[in-house]
Each structure stands twice: as structure tokens, then as C-alpha cells.
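Generate coordinates for the entire structure from the input sequences, incorporating the hints supplied.
2 protein chains.
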Amino acid sequence: MTVPRYLTGDGAGIEEFLSKFDVFLFDCDGVLWSGDHLFPGTVETLDLLRSKGKQVVFVTNNSTKSRADYKKKLETLGIPATTEEIFSSSYSASIYISRILTLPPTKRKVFVLGETGIEQELRSENVPFIGGTDPAFRRDITPQDYKLIAAGDESLLDPEVGVVLVGLDFHLNYLKLALAYHYIRRGAVFLATNIDSTLPNSGTLFPGAGSMSAPLILMVGKEPVSLGKPNQAMMDAIEGKFRFDRSRACMVGDRANTDIRFGLEGKLGGTLGVLTGVSSKEEFVDGPIRPAAYLDKLSDLLQGAK
Amino acid sequence: MTVPRYLTGDGAGIEEFLSKFDVFLFDCDGVLWSGDHLFPGTVETLDLLRSKGKQVVFVTNNSTKSRADYKKKLETLGIPATTEEIFSSSYSASIYISRILTLPPTKRKVFVLGETGIEQELRSENVPFIGGTDPAFRRDITPQDYKLIAAGDESLLDPEVGVVLVGLDFHLNYLKLALAYHYIRRGAVFLATNIDSTLPNSGTLFPGAGSMSAPLILMVGKEPVSLGKPNQAMMDAIEGKFRFDRSRACMVGDRANTDIRFGLEGKLGGTLGVLTGVSSKEEFVDGPIRPAAYLDKLSDLLQGAK
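These protein sequence lines map, in sequence, to chains U and Y. Residues in the first sequence are numbered from 0 upward in steps of one, following numbering that gives the first Met the number 0. Residues in the second sequence are numbered from 0 upward in steps of one, following numbering that gives the first Met the number 0.
Incorrect hints may have been included.
What the hints assert, rightly or not - Chain U is faced by these chain Y residues, among others (derived, beta-carbon under 10 Å): (1) 140; (2) 169; (3) 176; (4) 180; (5) 204; (6) 206.
What the hints assert, rightly or not - Okay, the calculated bits of chain U under chain Y, using three or more residues with CB under 8 Å as the criterion: (7) 138 to 149; (8) 164 to 171; (9) 175 to 181; (10) 199 to 205; (11) 216 to 225.
Read the hints as simulated data drawn from the structure, not as lab findings. These numbers come from a predicted model, not from an experiment. Backbone N, C-alpha and C define an ideal beta-carbon position, used for all residues, glycine too.
Structure follows, in C-alpha cells:
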């Protein structure tokens, strides 16, 4: 395996690296910011890339936010962005359902385990759905529910549901799990926005979207199709939208086993690691999954500016 | 492998089989009843065994009920039983925590994901606990919770918790999962009453206790010690209580891969399969896990009565 090129302090190397790409896909947390803390130089670096005519795309597995929500988050942190530059796992899942899955006309409805971000993106693709943030599902299961579910009663099991989409749901409960399980048993396609086991918050970890699908995987004995990094279904969706030349695209990220793997398996022209997040220098240089190049921090790209 | 002996209609064979055992451990659903339907002859068969001086023990993985609750359930179905004859996974877990686990004096508290059955059995063994059915934990997670949990604040993370016990919780939520995860990260012992993925109800299946531990297993990357069938920790607890001679005990059940396996791995003198539940005749006769003998139905044992 080749040794990744260390670009920090190497102005000429940076110039050469940047010249190879037209599109930069950015993982966000750990690259542009950490938690609520924007890294110094992030805005200037994005400005530099845009001024050189590069397309920037913000790629996030966070399914609780829509692209519009995520744009607001970026702006709150001080990063100018357009909704079009944002690609989230909830949007990826919506595109997959509306444009790639072929569902019978009578089975087009989605049962959602998740929050408003998924709902907004399903609406943007005109995909009908139930569940999600509907308060009707935020309640305890009752003895009557067991009987109705067992009988396949349409008051609880909508016969038009052909997809179960599982994202991060802060209101997960027993009733929703039971319904999702029965929909999948009855033949619904099992999808997940992403399968990250945990979600970073406040400097530690909390249950992630993968923790919502884990009980269902155990019960039905099969894995969902995941529409988030590092699954290539997401790369296909990104390419479908931006129609870029993969050989002229570079994935930028802080995690070897998700971000860098996502770029490598997607056969992008390049991958760029940064040391401001999860993976260490040793992981990038000696690990099984290595980027083409790496930097101490993203803003070191400014050292190459002419 | 030996072929199981088919005892239905074989009066002499039944007499001989019964004479080999002093203790009969019974799986319940699928053996004595199905759902709310008591099988004909169940009561008479249990009477016969008791009249011959056999000890009967009802062994259940159902963690939501205490032994007292389960006794009521048996009586509602028309089966006379004493609390002492009942052995549930919540009781098994309580015994394991109080008598087998060696916890530092400052780490004796249990964080419970589960219902009242677990709480009652922990109380019966004088084990302190938090969580469970406490309404304080039946709420949404708040932005403040993330910060307090990240800071290890004692208002949310009790420093005396040394065990996380996961059973079937009809009120599972994100906050409880987050707390259980952080307790385990901080060193708490990870226990499960049982790891059945599903729970039978109304003739179909619903999420079981194993579906409650699945997200935690994914997040922490390790399995809990399970105190239910077929794990031998439960057999050890049963033996600890009844102090029987394993060679003179027989496990009766309808599932080869749980009940029969439980008896075989526990090196009991015998195992008896019945065809009124999950496993088929083919599974008992040709499968990888075979009982010593099998019957069409439990009440066929009455054919051996003199």
C-alpha cells in the first residue's frame, strides 16, 4: 500500500493536489468543526476552493435534519452554504425511494422511524409516509394493539406501506418497533438512513441511527440497505444529483473507516484525511484504509494559495 | 447421534422414563398452554407427577412478571402452583446479582431497563435499583441531559450503579438507552434477563428482551451475560435453589434450540420434547439438538399411569 502524502507545509504539493479535482465532498463534524466549535480557517478554506471554481458538497449522515435545517446549522456556525451544496442521509434515502426503488403502485407508502429531517426530505420527493413525528405513534402499546396487529388490522397496519425507513428517532418506543417489525415481516423493504451505532454530542457519544435498526435486525434476521456513508448507495445518489466525474472528485474526512473508505470504494480520484477528528496520523499512515493525502488540519490548504 | 424415543402410546416406556427422574423442569408456553389456551390434560399430568412425588418447576424467560405474578397467571389458566415452583429470568437475574456477582460496596445499585417483575425480584433479594418503572425516566431526552450525561453529573448518572440489567421494557426510550450505554461505558456489568429476540403474543410475535439489549450490544461492542434459557447461568441458579441431582432431572420443552439445548448443556439426566409448540417432529428426530424422548403432547404422559 502506498504511503499517504503529508501536505501540511508543502505549498507546491497542495497546489498540485487541488488542481486534480473539480469537486470536494466534505464530511463535516471533525473536519469543518467539532461539536459547536468552528475550526479557525474553515470559512477561508471553503472560500478558496470556491474561488478556484471547485464544487463543494457537505455530506452528512445526520438524518434528523433536512438539508434546509443543515444549511441553518452551517450558517449558525458561520459557514455560508446553499441547500444545493448539502447532501444528507435523509435526502439520500428519499432519492433512493423515489427514483431507484421500484415499488408497486399500491405499496408506495413509507413507515418512518425518525425525526422531521426525514419527513421534510420525503415530502421534497413527493414520497407518502406515516409514522415519523406523528404524535399518534408516541404512546404506549395497549392489549388491544397486540390483537389488532396480530389480525393485520388496517387501523394499525396500513396496507399501502411498502418501505420501512429507519433513521435516528429520539422518540423510539415499543409500539413503533412492533409496527416496523410487522411491516417488514409483511414484505416491506427495510431501509436505514445510516447505521452509525453512536452519535457525537457534547463531547461524548449517544445512541445513533444504527441503534434504532439493531432491534429490527435481530428480530427479522436481515440487515437494512443503508443510504449513508460509507455505503455506496449514498455515493450513487450524490453522483446522480451532481453528475460529476468521479476521477475529478475528492472525499475529505477525519475517519479512515467511514469517510476515506467511502471515497476509496466510490473510486473517487482522491481522498484527503485531516487530523482534527477521530483517526490518528498512525491510522492514516499505517492503517488498512489510507487516504491519498493528509493534513494536520483542513485550513492548512491555505498554505498552498497563490 | 441417538434417535429420540417416541413415547406417545408406549405405556411401559412412559413408566420407565418417569421413574428415572425426581425433578421436572417445564418450559410453559407451547408445553402447558399456548397463548391463553390451556392444553387439555395439562392439570391432570402435573397432578400425576406430583402424586408420584416429583418436584415440578416452571421455568420462564418472561422477565416482565415476578414469580408472584406468574403464579397468578398459572392460576388464571387453571394450573395450581406455588411461588416456590416458579423460576423466572428476572428471579434468576436477581439471584445472580445478589449471590454470585461480587460488587464493590459502593457499586451495588442496578440500573434497570424493564418492568415491575424485575423490580419485585430485585426487592426480594434486597438489591437496590433505579430506573425500571420510575416515571422520572419515561420522558424525552433534553439538550440539558446531553450536557449533564457528558459531564457525568450525579443527577443523571448515579455513581453507585455497578450493574445494568436489561429485560423486556415496554417503555423503552432514548433517554434510558443513553443512560444504560453511559453506565456500561463507565464500567457497569452488562446483564440481560434473557436475549429472546421476540415475544409471542396473540398468535404472533412482538419485540422481546433481546431487542432491548441489541442497541446496547451494538454501541458497546460486547454481549451481556444472559440469565435466561438456554444460558447455563440460569441452570446454575435453579440448581442453587432446588439443590437437585442433575442426573435425576428432566427438562421438558417445545423448542430444540432453547429448551432441549438448555437441558443437554446443563447435563440433566433427561430431556423431553413435545410437539405442541415451535419444534417439529423432524427437528427432534433429525435435527442437531435432540431430546432423549418426545411426545405428541404433554398429556400423553397420562397413558403411562397405572
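Ascending list of hint numbers which this structure does not respect: none
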